[in-house]
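Dock chains L and R against the given chain X, drawing on the hints supplied.
Chains as they are written, first to last, in the working numbering: chain X, 1 to 281; chain L, 1001 to 1299; chain R, 2001 to 2393.
Just so you know, the hints here were simulated from the structure itself, not pulled from any lab data.
It cannot be assumed that every hint is accurate.
In silico SDA-like pairs for lysine to any residue, Cα to Cα no more than 20 Å straight-line [as the list claims (entries may be wrong)]:
no., chain 1, residue 1, chain 2, residue 2
1, R, 2086, R, 2339
2, X, 96, L, 1021
3, L, 1170, L, 1139
4, X, 65, R, 2079
5, L, 1170, L, 1243
6, X, 65, X, 255
7, X, 96, L, 1170
8, L, 1077, R, 2380
9, X, 65, X, 55
10, L, 1077, L, 1052
11, L, 1217, X, 7
12, L, 1077, R, 2383
13, L, 1170, L, 1089
14, R, 2370, R, 2127
15, X, 96, L, 1023
16, L, 1077, L, 1056
17, R, 2086, R, 2067
18, R, 2086, X, 56
19, R, 2086, R, 2062
20, R, 2086, R, 2334
21, X, 96, L, 1019
22, X, 96, L, 1017
23, X, 65, R, 2370
24, X, 96, L, 1018
25, L, 1170, R, 2130
26, R, 2086, R, 2096
27, X, 96, L, 1022
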Amino acid sequence: MSGRTLAPTTRWVLRSNGALVLAFLYAPIILLAIYSFSGSRLPGEWGGFTTEWYVRLFDDSRIQKTIGSSVRVALVSTIIATVLGTSSALALERFKFRGRRVFDALLYLPIIIPDVTMAVMMLMFFTQAFDLVDLLFGLGLSKGFLTIVVSHVAFNIAFVSVVVRARIAGMDATLEQAAADLYANRWQAFRFVTLPLIAPGVLGGALLAITLSLDDVVVTQFVAGPGSTTLPVYVFSLIRKGVTPTINAVSVIMLLASLTLVAGSVALQRANAVRGRNNSQ
Amino acid sequence: MTVLPDAEALETALGEAERRGEATERRRGLLLALPSFAYMILFFAVPLVIVLVYSFATRTSSGSTALEDWNLDAYRKLGEPIVRNVVVRSVVLALITTVLCLVIAYPFAYFCATRSATVRNLLLVAVMIPFWTNFLVRNYAWRLLLSSGGPISSFTESIGLGPTEILFTKTAVVIGLVYAYLPFMILPLFASIDRLDWRLVEASRDLYASGPASFRKVVLPLTMPGVIAGSILVFVPSMGAYVTPELLGGGKETLLGSYIVTQFLTARNWPVGASLSFVLMAVMLVSTIIYFRAGAKNL
Amino acid sequence: MNTRSRRIRRLVPVAVLPMITLAACGGDDADEAAPITESADEPADDEAAAVEEPSEEASTATCEVGQVDGDLYLYNWSEYIDPELKDAFAAEYGVEVIEDNYDSNEAMQPIVAAGNSGYDVIVPSDYMVSIMIDEGSLMPLNLDAIPNMSNLAAEFNPPPYDPDGAYVAAYQWGTTGLGVDLTVLGEDTPRSWGLVFDPELSANFDGRITLLNDPRETLGAALKYLGYSLNTTSADELAEAKALVADAVDRIAAFDSDQYDELLATGETAIAHGYSGNMVVGIDEAENPDNYIYFVPEEGGTIWTDNMAVPFDAPHPCTAHTFMNFILDAENGAQLSEWNYYGSPNEASVPFMDPEFLADETVYPSDRSKLEFITDTGDFETEFSDALSEAKG
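Excised from the complex, chain X in its bound form (with noise of 0.2 Å):
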């Protein structure tokens, strides 16, 4: 790899600097697992090592159900965001149809919009709707997982076309006309050739969707319903009481439970490989 054609000294700076990147993203997470078991209420001020907060996450039902609203919006939304978003950088930069230019324009409003300004069209699209829906098929929809799994969907379809277009981008688009050379069909060629190829975008445009949709808090506040509301959400109208260490808690416990997943398909990836090689064998 070219790892090997760089200068000393330009290895040393990618090596500090990507350290130094890593320190900087977690500073902050390991101070709040730090004061996560502080005993004090008030940030900052060290109060003696306590698990009492962890314990009271055990007890409160209204954070486990918030968090349990959040993990179900996030999954979902991203899914089928992903494969929306996907579809849609495809389009875009592989082909040449009518209205190309105005989708184009189209997917690029989510990403500017401010966040109150959705928030406030989503609430008055859905109240029409509704009322509309009411008027026409006499059912009565209200707000709840569903309007806010459809609001995450629509600004996160932007974010991971973006990001696998820029990778599509930057792709060698020879090797697809190859395999069509090669008598590939274009299913063929998309799923042997294309989609490894853009795989890493893919994912890429993924963990942004999942992470935008677990962190969003201004568009879900206006779009939940009761009962439904998501954990940013219930952590933001927290504030003016102050965080307690207890959502410090609940950060660290999300936190592991993410770290748990990625060890958990790494483990994955590698038994894989390993049935790989020895069923090749």
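Relative to chain X, chains L and R alone:
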């Protein structure tokens, strides 16, 4: 030098085949795009039109929006000096944030791309994991880190430099914003660098180009899509950011994000909130297109 | 073609998922939504059987005392109700209490006004009550179902922002003032807004002051300092206040409406502009609570009241009425206030409250002559918010 009979007929036949092929391609493209196109029209464009309509409506004295007495008052308000100041301030802040993110993220993305596949994926996920904690909590953690009673300050005090006073300054805001948007720069950059054909770099070295020259003339132009995507993903939200500037900067300056929120929520002046949002989006859309075209030229 | 059919097969599950979810959600909500739309369209007929009570408007709820018609969906400020009270209510009436929270009136109001919010009881502040009454967002109360309303002290029943007493029941009240660190300011510090606005006085605390990020409160404080009403609609008076605030911005650490008490208690700041109950609770967490005091400056300040109200399309209005009646009960009212450390508007609760608590000046200031309620200034409101934005520069 025609070998084939009736070149004209052949040309027409070829032309038609090409057109038919193009038509199929267009249909395929449309089909591929249709589901998300339809989704975006229904669940984004339509709501957006609703808000656009609101920007021409009137604010009643109790703060709700009356859909009558259509006027341009909300747009006229944009001429006031406060709006200009707010916009300029926000643009400058967003530019600083974007440049810093680029400078920090590029080497990092490069570093990631030059690792083995497992390490690479691990690093990328490691970058995202902190952002799966709560965004507000992260801001409060920074508040703690930067406060004059916090760890950094205690450290500088212990080595004799005195307490730091970073919190509630512009520096704190920049730190907070760079922190918040760094992954948005890292991911697209990585996606782009990862796709780089390293043989081109080796070729340039073989042709006696120095390291920096190879970078400037080969690597950078080829990774331009990533640079552009990352810059957009950082610049745009930074322009509209309001929680971080308020928490870490003390809210002592009015930035565009908080100004728009104020119009919608505090002043309950939805027409102005709407008009501000639209002007903001128009400006950003135009500059995005320009940036994109300029970047594309470098390719 | 292979491509298309494969793609469609992949898309079908994606398309089906939202439809299934829609059907699943639509089912329950249809039942719930139907009564709402019906009652909203035909308020008269059945409901007219309501007993005519002295208040002007007929209520749209034929609820009786203690009647419940479903679970209670409460939309409240964070940590504003003792969980034990919620449990007690749930146990006594056999219903569930589901609570969601908001952090500002202005975030709650559009959600309720848009309709179909799903909430039965909301807790708007004084000025927001008059706005919501104006816009028809509140359901007139059936006072027969809330006999404990008479427990309220006369000044809250009816309150100035609901002169007919038909829409709300006061919940908690408090003041806005300054919390200060006596070790920095000294025991005999002047109790004046000048600590913030007087360049000479506040120079000693440069960078250690926080102000509320609320145009009405912060400009209101400046207006009081200048001797004007904080509900003024005079552009000149507002301009003077704006100049004071603009000048003060250079000396403050931050505009903070949420963490001011913590910043004060951890020593980051010495003067904090904030609400009474929050301040007291925050000070209590400090290492030496006796080093801090809260007061309303001598020039005057804000008195505010939060109220229980019922949205116009509440799905369970009877439960809502019963809940309000429950909270207005003398003993429950006492429990609520002592948990919140805010003032209780409930006269009947007095015998049940700790005398020390009642004597606490921060909660129950004896001199309320210079205190004003914030009232909505209609079209002039935008001037206030613009003034603060411009003062910040």
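Evaluated hints:
no.: 1; hint: 2086(R) - 2339(R); in the structure: 13 Å, holds
no.: 2; hint: 96(X) - 1021(L); in the structure: 12 Å, holds
no.: 3; hint: 1170(L) - 1139(L); in the structure: 15 Å, holds
no.: 4; hint: 65(X) - 2079(R); in the structure: 17 Å, holds
no.: 5; hint: 1170(L) - 1243(L); in the structure: 14 Å, holds
no.: 6; hint: 65(X) - 255(X); in the structure: 18 Å, holds
no.: 7; hint: 96(X) - 1170(L); in the structure: 46 Å, violated
no.: 8; hint: 1077(L) - 2380(R); in the structure: 15 Å, holds
no.: 9; hint: 65(X) - 55(X); in the structure: 16 Å, holds
no.: 10; hint: 1077(L) - 1052(L); in the structure: 16 Å, holds
no.: 11; hint: 1217(L) - 7(X); in the structure: 18 Å, holds
no.: 12; hint: 1077(L) - 2383(R); in the structure: 12 Å, holds
no.: 13; hint: 1170(L) - 1089(L); in the structure: 11 Å, holds
no.: 14; hint: 2370(R) - 2127(R); in the structure: 18 Å, holds
no.: 15; hint: 96(X) - 1023(L); in the structure: 10 Å, holds
no.: 16; hint: 1077(L) - 1056(L); in the structure: 12 Å, holds
no.: 17; hint: 2086(R) - 2067(R); in the structure: 17 Å, holds
no.: 18; hint: 2086(R) - 56(X); in the structure: 18 Å, holds
no.: 19; hint: 2086(R) - 2062(R); in the structure: 24 Å, violated
no.: 20; hint: 2086(R) - 2334(R); in the structure: 14 Å, holds
no.: 21; hint: 96(X) - 1019(L); in the structure: 13 Å, holds
no.: 22; hint: 96(X) - 1017(L); in the structure: 17 Å, holds
no.: 23; hint: 65(X) - 2370(R); in the structure: 45 Å, violated
no.: 24; hint: 96(X) - 1018(L); in the structure: 14 Å, holds
no.: 25; hint: 1170(L) - 2130(R); in the structure: 39 Å, violated
no.: 26; hint: 2086(R) - 2096(R); in the structure: 9 Å, holds
no.: 27; hint: 96(X) - 1022(L); in the structure: 9 Å, holds
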